[in-house]
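Each chain is listed here by its residues.
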Amino acid sequence: GAVVSQHPSRVICKSGTSVKIECRSLDFQATTMFWYRQFPKKSLMLMATSNEGSKATYEQGVEKDKFLINHASLTLSTLTVTSAHPEDSSFYICSARDPDRYTFGSGTRLTVV
Amino acid sequence: EDQVTQSPEALRLQEGESSSLNCSYTVSGLRGLFWYRQDPGKGPEFLFTLYSAGEEKEKERLKATLTKKESFLHITAPKPEDSATYLCAPLSSNTGKLIFGQGTTLQVKP
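As you go down the protein sequences, you meet chains A and B in turn. Positions 1497 to 1609 (the numbering used here) are the ones given, in order, by the first sequence. Positions 1381 to 1490 (the numbering used here) are the ones given, in order, by the second sequence.
Simulated from the structure, these hints should not be mistaken for lab results. The hints are all genuine.
In silico DSSO-like links for lysine-lysine, alpha-carbon gap of 27 angstroms or less: (1) B:K1477 - A:K1551; (2) B:K1459 - A:K1537; (3) B:K1422 - A:K1562; (4) A:K1537 - B:K1449; (5) B:K1459 - B:K1439; (6) A:K1537 - B:K1477; (7) B:K1477 - A:K1560; (8) A:K1538 - B:K1477; (9) B:K1443 - A:K1538; (10) A:K1538 - B:K1422; (11) B:K1439 - A:K1538; (12) B:K1489 - B:K1439; (13) A:K1537 - B:K1422; (14) B:K1449 - A:K1538.
Same shape as in the complex, but just chain B:
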């Protein structure tokens, strides 16, 4: 059965304090892994797609990496505006559907 687990559920950081969010997955036929940011009351906003183990992508203070079983979202020197819920979603080639994790809610305090 396809499964996604994100940890931690919640993370509080001081501004400038770097950290990583984890996404562990078991998916038959991984076609890609997506990271999204979701602000309260809004739809998910696309951040990255990773397609193969070893791949890395960066955008401003965020860097996403992928292994065969996990993906990490590294946040370097975060700012308060990085506060949001971060969702990872592997895409199953078998079903063509995104499988969403529960998300990590990040709060960055000034």
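The following block holds chain A by itself, in its conformation from the complex:
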């Protein structure tokens, strides 16, 4: 079955620094990947859709300059949280489409101190 690997699973960073999260499709090629954010006891909130070789499409209210998304290959998408602040602390999850099954990574717990 389709497998999506997400790294790191946990990261703690200092306020003002940047953090990169990787999302890889291990056994299939994903032209489209999605990035979600999840608050405690809340559902998944779509942040952006990334398409291989083109610019990501961000949902309304998501800061493009803060959450940089790169989808340079058919198996890798990255999310960089720039100049992180404590309010960016959250659970970030990626998903890849294959082609009608949406497979999720295991998530990244980001804590900004």
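Guided by the hints, dock chain B onto chain A, whose structure is given.
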């Protein structure tokens, strides 16, 4: 506007006590409805995709059904390991995006 509502928000069952989770949706151009299981601190794990009204799918103690406005996840004789949050997500053909409900958190006590 596309909307998804799951009920109940939380459900406590005794081991072996069967029940159903509800997912009501309003989506323009439904392309499919997905069910996921999510354990604390993990990403959602795929369970089922349903594509048309009347369709049913089963996996172990779980059975998912679909109508034009609702989907149900039936849990038969649950075990403690079935404890998790269950998410439903219709896929809009208009946007190509999954629309997630708030989830039902199931706790099965031995």
